Each structure stands twice: as structure tokens, then as C-alpha cells.
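With the sequences and hints as input, model every part of the structure.
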Amino acid sequence: MPVVTLPVINRRRFVGWLTALCFCFAAWEVAAQDIRLPNAAESVKFGVIGDSGTGDKPQYEVAAQMLRYRAKFVFDRVIMLGDNIYGGQTPADINAKFTQPYKGLVDAGVTFYAALGNHDSVENRLVPGFHMGGERYYTHATGNVRFFVIDTDLLDPKQIEWLEAGLKAPTEDWKIAYFHHPLYSDGGTHGSDVALRVVLEPLFLKYGVTVVFAGHDHIYERITPQKGITHFVSGSAGQLRRGDLRRTAMTAAGFDQDCSFMLVEVVKNDLSFQAVSRTGLVVDAGTIHKP
Amino acid sequence: MKKKIFRFPLLVVDSAFVLPIGCALALAWANLRPESYYRFSHALEFPVNEIGLAFLFAVMAKEVLEATLKGGDLHPWRRAALPFAAAAGGVIVPVIIYLAFLNGLAEPEPRLAGAWAVTCAIDVTLCYLIGGLIFGRHPAIPFLLLTAIASNAIGLSAIATLAPENMRSVALGLALVAVGMAVSVAMRRRHVSSFWPYIALGGGLSWYGMFLAGAHPALALVPIVPFMPHAKRDEGLFVDPSPKAKDALSRFERWWTVPIQAILFLFGLVNAGVPLHGIDTGMWAIPVATLIGRPIGVLLGAEAAIAAGLHRIPRVGWRELIVVGCTASIGLTMALYFSTASLAIGSLRVQSQTGALLTTWGALLAFGAAWLLGVGRWRVADRAAPASAHVP
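As given, the protein sequences belong to chains A and B, one line each in that order.
The opening position of the first sequence corresponds to residue 9 in my numbering, with each subsequent residue numbered one higher.
The opening position of the second sequence corresponds to residue 661 in my numbering, with each subsequent residue numbered one higher.
Any given hint could turn out to be false.
Simulated restraints on C-beta separations [to be verified]:
(1) E143(A) - A741(B): 43 to 51 Å
(2) P165(A) - L936(B): 26 to 34 Å
(3) T256(A) - S854(B): 57 to 65 Å
(4) L936(B) - E172(A): 27 to 35 Å
(5) E143(A) - S829(B): 52 to 60 Å
(6) K276(A) - S817(B): 55 to 63 Å
(7) P919(B) - T256(A): 38 to 46 Å
(8) P99(A) - I956(B): 32 to 40 Å
Facing chain A, from chain B, some residues (calculated, C-beta under 7 Å) [stated by the list, open to error]:
(9) P694
(10) E695
(11) G938
(12) A1004
(13) G1006
(14) S1007
Worth flagging that the hints you see were computed from the coordinates, not collected in a lab.
It should be emphasised that the depicted structure is a prediction, and the values quoted were computed from it without experimental measurement.
Glycine included, each C-beta is placed from N, C-alpha and C at the ideal position.
Listed below in C-alpha cells is the structure:
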């Protein structure tokens, strides 16, 4: 009887096969990602997540989807729109709700810049991974874009003074503001924060802020330009209120059926964006032209 | 013998109408035309809250000052000890409940913890009105008012001293407050009888000093009031000043009674406009803390003080203490002020303001508790003897 000899599978060969298999799967996954952005070589690219810090499966899945997209669209920073850590705020919580979910992105060289939400401890401004420089409100810039990170939980006169001085100064072409509470939103649970709007909007108009990102409502929504400013609500990178979007005349686009995040690219006078669901579906895309 | 009729002071009666009207208008306006409402309220917030309210606090300071005079409820100081102990209990328990509630929420609101002082706020005039309707002429009323004043004093001290801007400004500001007080003392020595110079000069310096120091200048007249010429004896807490009284403080109160109503109306209008939709769950922290914590805290504080050797107030047993605590859970005006004073514009303030409005349920709680426990106008006749048996 012939003796059948099975090929010897040593450990090194096994790891090699597994790596090849993973590579093929990753290549297929990347091919599935739908990039509707210019993806230019010399441009500012960033991601947007809001209300992310649950530590639950959907947050990890959104983070994984972001990592897959990054293989094709190499963004180097992510702006966080608040409620970055829900519930407990201990180092273990920060690990489970921030460090672990985004480990792949951070390892790939992505820097996170956080705004504080109502569920965040003010001490989170000291979390190194959030790059807040120990401040509740701050500014950061890349290329021709300057970001203004505002603490809308406590919009004290000192912060308003800081914001006005900051908005006057920059030489960058684009001024983008982001914070937690939306000035305009059709979210059924919270909706627009008009008290904040009457304070912030005049400053944005006066000093040429053209795009605003906020979270708080656990949906994705793009608002039709209000007085020339485009507002995005992107508060479902971990939390989701399915069916919470109450479409009105100011809803330009919206998605409330799954968690989502955004990818944004700024090329000269054009800001292109796309909103992506947890499963990789592009739910909105477009370009804002700055005259 | 002709029975004395319980009559509410003008300040209490008027403010019980104008403030709720202001609050109701604010709520309607903020929800129907939010942009115009918030533009209006943001523009008037500082003048109303930090200038107008200074006169209300001055009248309250006058009542406390006079209560320390001969015949007053705070004279001698030992008489004040029990309400202060009740106030301490009535502050500690709600603060504990408040913080526990915020942390116990399914989605905790850690940043609201900084506004714990709001739970100390008690609406003195509304408490007087509700307490008067329940108790009539009863020793529980001055006890309730003193507890409210002491509790507010604790909260105001916390708010005034939290997060000073910088030590140089604080030192300069405090120096100006001291100069204002010294000017008032000098005027009193020169027998200046009009209240205007005290308000304009002493009060002005004190106001600017507090503003510089980063404290709330609404309290500016509080350190000036003790140096204004006042009555020799106290007529009782919140008793309307006699038209014959010639001293500066009585004239001040007479002159300001009507303007204060306008200020209170504006205060309600400027501060009570909150959206009736979309507010986070943190808004429940204040009503839960005060409606549950205040009666328990007042009862525990007072009983602990009595157990430590203080005298029980005649006709104020544990049932009356619970009803007093329920009445003192109404924070409305003061809670709205504490909210705006401790939190800047933003969602946290809206949650706190909404919670402040919800504390008006304390009125229903007080009536319900009085009815259930047979207190005040529902007093059971056959319980009268045991209740008064506590009298030492």
C-alpha cells in the first residue's frame, strides 16, 4: 500500500500562507472601497468622527472601515467631534474606547484632534492621543486649512474672545470650525442649538468660516448652506439613533440607518467630502467650492 | 382675643406673579422664535443678572442684617444655629444625590458636576409664599426663610470663589470692595441719610471690584448694606417697611420694591427661555437632587443639631421639618441665577436652567407632603398636643 506523505507544514510556511491570504483579502477589501474624492497628491486629507467613544462593536467596525479606506485614501489626521469617551473616563475606558479601536490608524501615522462633548470629562483634554494641548478649545492647521476646535459645552466670554482673535489672524485659505453641538440639525433627539448659533454664526460669517462639523445627534446629515456656510452633522461613529433624521427643507443629504464617518479632502479652493457607512457604503459625497 | 391674620409682604406677593409671567413668556418665545429670543437674552443677560439682581440681593441682605438685630430671628446667634444646621444638611444631601445621579446616568454627564452649587439654590420669595399658604402664621416660616437664606449663602459663596481669573485682579478687586465699604462707613459717620450715595459710590466701587476679581458683581451691594443706616429693631423677615421709617435701608427697600418687580420680570424673561425639546438627561439631576435631597437633608441636619444639644423650635416637629424641606426644594429664581453664574452659554447651562425650572414641582411636593403628614392647614387636631410636646 502506497504511503501517502503529507507535506510538512512548518510554522514559518504557515505564517507565510496566512499573510498571503490576508493580503489577498485586504486587497479585495480595498478594491471594494469607493473613493469619490480627488485623491490628489498634494492635498489636505482628513477623516471626521463624532460621538464615537462607546467601546462597542459598531465603533470598532467603523474604525476598521476607516483603516480599510485609508489604504486607498491616505489621510493623516482625524477630527473628533466630541463624546469621544462615553460612560467611565478611567485610563482603562480611554484604552477601550479610543486607543484600541483606532490603534491601526494611529500605528499608520494618523493623528487625532478632539473636541469635547457633553459626555466627555474635561480632564480628557489631557489625553495625549487627543492632541488638545491641555486646552478645552484650540486651533491646529495643515496645508491651506486651519481648524478651530470649540468647546460648545461652555462657551464662556474668554473663549469667544479667543475665537474672534483666532479667526482674524490665519493666513490659510480655509477656516473650518468643529465642535460637539450642531448649530443646524434635523436630528429628532436634539436638533439645532439656536442659543449657540446666535453667538457663533455671526463670527463665522464675519471671518469667513465656510465649513462647520458637529456631532451630538447620532446621525449623518449635510445641511443646505446656511448664509453661505455648509454644516455637517456627523455624530454616529459609535452611537446610532436609527430613524432619528427628520428631513426638512434644510436637509441636503442624510443617513440614519447605520453608523458612519466622513472623509474630506481640500484641494486649493475645493473641499470634497464623502460620508461612509460602517459597512463601507458611500452615503453622501460632493464638493464645496470656495469663491 | 382677635386672631392675627397672616399677610404676605408686597415683595413676595408681587414677585410670585411677575416672575412666573416672565418665565412663561420666555419659554414661549424661546420655542416659537428662538433666534430672536436668544439674541435678546444674550444682550440683556449681563445687565439684568449682574446689575439688576444686585438690588434684589441687597434687599435680602437687608432682611438678614435686620434679623440679627434685637427682636430678629437671628438674634441672638444661637437662634440661627438650627436653621443653619438644617441648611447644611439641606445642601450636603442634594449635592451627594446630584453627583451620584450624574454619574449613574446611562450616559453620564461629568461636566455638569461643576454646577453642583445650583442644588443649594432656594427661591426665598416663592418659598415664603408656599410656606405661608401651608403654615399660615407659624414658627416654621422664619425657620424656612432662614434655612433658605443660609443655603443660598453657601451656594453664592461657592460660586463667587470658584475659578478666580488671576490673583492680581482678585487682589485689586477685593481692595476696591474694601474701599467701597470704607466709603460707606465714612458716609454713615457723616450722617448721610439718603441711600443713593451708598448705592452709587460704595456700591459702584464694590461692583467694579467684584467685576475685576471675576466674582459675580450681582453680590456687590451685600457688603455695603451692613454699613447703611438701619432700623434699631427688626420687624420680622420680609415684613414691609413702615412708611414712617426714615433710615436709609428702609427707604431703600421702599423705593426699590417696584423696580425689583420689573427686574424679576426681566430676570425670568432673560433666563428661563429653554427649548422644550432635545435637552440631555442631565436636566433631571437638579430636580431629583433637590426634591428628594432637600427634605431628607433638612430633616437630618436639624435632627442632628437637636441631638447635639440645640433647642427644637416650638411646634416644628419632624413632620414640619419634612414639609419645610419640600418647600425649600423650590429653586426657581436662585437656581436660574446660579445656573447662569456657574455655567457659560452652552448645552450644560440649558440642562441646568431646565432643571431649575423643574424645581417648581417642589410646590406640589410641599402641598402633598403637608396633606399627607397633616401639617399646617391640614393639621390633625388630635396631633396638636404631641407636636407641641417637643417644646422645651
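Hint-by-hint comparison with the structure:
no.	hint	result
1	E143(A) - A741(B): 43 to 51 Å	46 Å, holds
2	P165(A) - L936(B): 26 to 34 Å	27 Å, holds
3	T256(A) - S854(B): 57 to 65 Å	59 Å, holds
4	L936(B) - E172(A): 27 to 35 Å	32 Å, holds
5	E143(A) - S829(B): 52 to 60 Å	21 Å, violated
6	K276(A) - S817(B): 55 to 63 Å	57 Å, holds
7	P919(B) - T256(A): 38 to 46 Å	44 Å, holds
8	P99(A) - I956(B): 32 to 40 Å	35 Å, holds
9	P694	4 Å, holds
10	E695	6 Å, holds
11	G938	4 Å, holds
12	A1004	4 Å, holds
13	G1006	5 Å, holds
14	S1007	5 Å, holds
In terms of the numbered hints stated before, the structure departs from hint 5 and from no other.
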